[in-house]
Amino acid sequence: VSRERGGILLVGVGGQGVVLASAIIADAALRSGFDVKQSEVHGMSQRGGVVSSHLRYGASVGSPLVEPGEADAVVAMEWNEALRALPYLRPGAPLIVNLQRIVPPGACRDRLSGRSGYPALALEALVREVGDLRACDAMGIARDLGSPKALNSVLLGILATTLPFSDGAWLQALDANVPRASVVANEQAFRAGQALRYPEATCAQAANASAAASGGAAPTVRDAPASLEIAESWCKGRACAICVRVCPEYCLAIGGRDKATVIRPEACTGCGLCELLCPDFAIVVHDTLVTR
Amino acid sequence: VINSDRSAERSTSELAPSQPGRLLSGNDAIAYAARGAGVRVAAGYPGTPSTEILQTLVRLDTGRDVYIEWSTNEKVALDVTLGAAMAGARALCTMKHVGLNVAADTFMTAAYTGARAGLVVVSADDPGMHSSQNEQDNRLFARFAGVPLLEPADSQEAHDFTLAAFELSERFDVPVLVRTTTRVSHARGVVHAAAPRPGAPSGFERDPAKFVMLPGYARARHRVALERVAALAGEAEASPLNRVEMRDRRVGIVTSGIAYHYVREAMPEASVLKLGLSHPFPAELARRFAADVERVFVIEELEPFLETELRAAGIAVEGKAYFPRHGELSPDVIRRGLERAGSLPVSGKPVLEALPAAGRPPVLCPGCPHVTPFLALRQLGAVVAGDIGCYTLAATAPLSAMDACISMGSSIGMAIGLARAGDTPGPVVAAIGDSTFLHGGIPALADAVYNGSDLAVLILDNGTTAMTGGQAHPATGTTIRGDAAPAVDLPALCRAIGVSSVTVVDPYDLAATRLALQGAIATPGVSVVITNRPCVEAPIKVRDHPFAVVDERCTACQACMNLGCPSITWGGGWRDGRRTVVIDASTCTGCTVCAQVCAPGAIVPVAGWSGKS
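Order-wise, the sequence lines are chains X and L. Just so you know, we're using this note's numbering here: the first sequence kicks off at 1 and counts up by one. Just so you know, we're using this note's numbering here: the second sequence kicks off at 1 and counts up by one.
These are computed hints drawn from the structure, not numbers from a lab. Nothing here was measured: the structure is a model prediction, and the numbers come from that model. Where a beta carbon is used, it is the ideal one built from N, C-alpha and C, also for glycine. Each hint can be trusted.
On the chain X side, residues computed to face chain L include the following (Cβ under 8 Å):
(1) 37
(2) 40
(3) 41
(4) 47
(5) 64
(6) 80
(7) 103
(8) 104
(9) 108
(10) 109
(11) 220
(12) 248
Build out the structure end to end from the sequences listed, making use of the hints.
Dropping the structure here:
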């Protein structure tokens, strides 16, 4: 990182503290005598969406935006967001990653195959892309220190080793921005981050990180969608329609003859709720699974 | 002439007690400046990216010298501040860009009347639509109304221009539009606060020819307004808010707002005409600048606002041919435009490619009380006319239960039309939040009753303006300062309008919510269902006994996954080729809705919960 100017991108998920962390970095830059600009996007991104914060420092800063390929460090508070943010990283610059994984509900939507849309924790592949990867299990470190909420200060400690801000500036910035009761905890977490030695620490930290989020292969698979057999003479149709309401895939409807009918056969996952809840035993689910 | 030295304005006033400069967002800077300008009345309606201006003003105004309110909507806010200015008190009105559509009725005519004391209207625009339904360029409103337009480029200018706006407003007896964008309002920069320059309150003097816009008076005032625009054009020609930075004469760039900083990054050697007071347009200044450079580009976000003025003045410029008319600009976008124009060599800097990552769109929070009504509406096959708020997210999978959303309060009116047109695949339901209902829904509900519509209306009352972070409104029982206030009784209001059936239901009771909606659809005439659970995030974080999944009972049916709750995801387990689920107890709020949809009873309260998260 240049001693005169730089750009940092922070990324994470709503609620992870991206905005507070970037305020601390900006404060440390200001206390180190730099001009600073910082830009973040609030609004809908607060609802569990992506939050990113751009920060630039130097003798005089114009645009607040870090451009693609120009971040002198990217700090990712979450694994998936690190992968998304790669285009911002200047080739060769450090990527600081918290190994926490927050699976968005949208990644669990391919129900027939059960394939998760969330990327696997593949550190080797990322090291090949990035070179200077500084991964850490910030939550684990902070928890071991007795203050899990101070995890972002671990990441700031790692970042501090790459920036030309004085130790005093960092500590004053922490002191001024974190809740009064947690100043000591955050200082400890910051020190713990500073003390990590890279590249060695990446592997050790990865070993500590919790097991795969929504990973694991299916023991059995289905060759074709399940099929429903509906005994129409037993079905009460519109007067009941319990199966229509409970089907998680919205596969069923009451047809023209006032009987339950399958309208989306391709979406049936064979869950059997309709068979289970039909008060007239009018539905049988046929499903064949083969062991992989 | 480079006129960027602000050292003369630096001061050690109360606003900057210890440091040479403070890191402030553009919104904070506007609030600081408004306070420095001695604002007496401030009003607005929450809307990203404008919301923090009034909230910061409340924080700064510890002595309660300023009357500050969250208004019912932007038009009311502008009326309140216009009234204050008529009475000689400096006034600040804040809103997001689409809010000015609501306030436009007053705005257009306030440009005729003017006001006695300074009246500054802040419109925070959202190019790129980070959290908006459109990206209209409100600079056009300044031209439409004939009022001066200030375009700050950063926090320092947001501060300085706000002070200048009050003075301009008083010198020319006209409301002033200060237009920020997301990257100005929500970017932080170092601000050197100027010494406070409060105006002198003058009091109200009767002057019907100025303030009563009867046609006869208004005709005279329109001429006054036009003369004022001409006078302001002269002001713009000489204003220090507009400046020429002469460098390399081969390329000259006319720009304003945040685009100025992007231009400086993309082509530091270019000459620049930076416009801060951009309407009325300083045509002669621009003509001299254009004559001094070989090629003139206009680089501005969104509409060709400056470009149109330049062309109208007969000045040859290039602009939207190279720079997009939609979305945000950035140094990169500008560089590519200048490359296409042949004014910059084509660069090929190496950029890493993103690795495959999961999409992460915004979602409703764990425990959000908006989930079950929309789950029920989807099951009922309703055609849902929605509205502006968090619940607009119900349009996306897995709830997929909203069919239209346009602007604040339009759900009920659209539903009337959808129902009257007849040919819908299901019953028509309007869905609207509490704050939005008060803002713009009440007239449409009266319309539905008055004209005999057959309609179900769902009012999602979560007791706050949630989307913008939990602001008070007339039905919350609190003011912007947190003081107790009378609260509108929504069921009583609906009954007073003439709604035949009003049902209040607990949205954490899925069956009751479904039955209430089913009943409202079946009831002839206008029926209203009001949900009554508070937002789980604001003003109070609701965290009840969290739930967990008993893995051996989970049949992996995915019924709970249809809620879209961020606390519920696939774990590592499988059942008959399907993924079993897990609940993150650290984010679960204990709303119980997933347990209600779990047929095998696999979702149970966490054992040994202490009551602390």
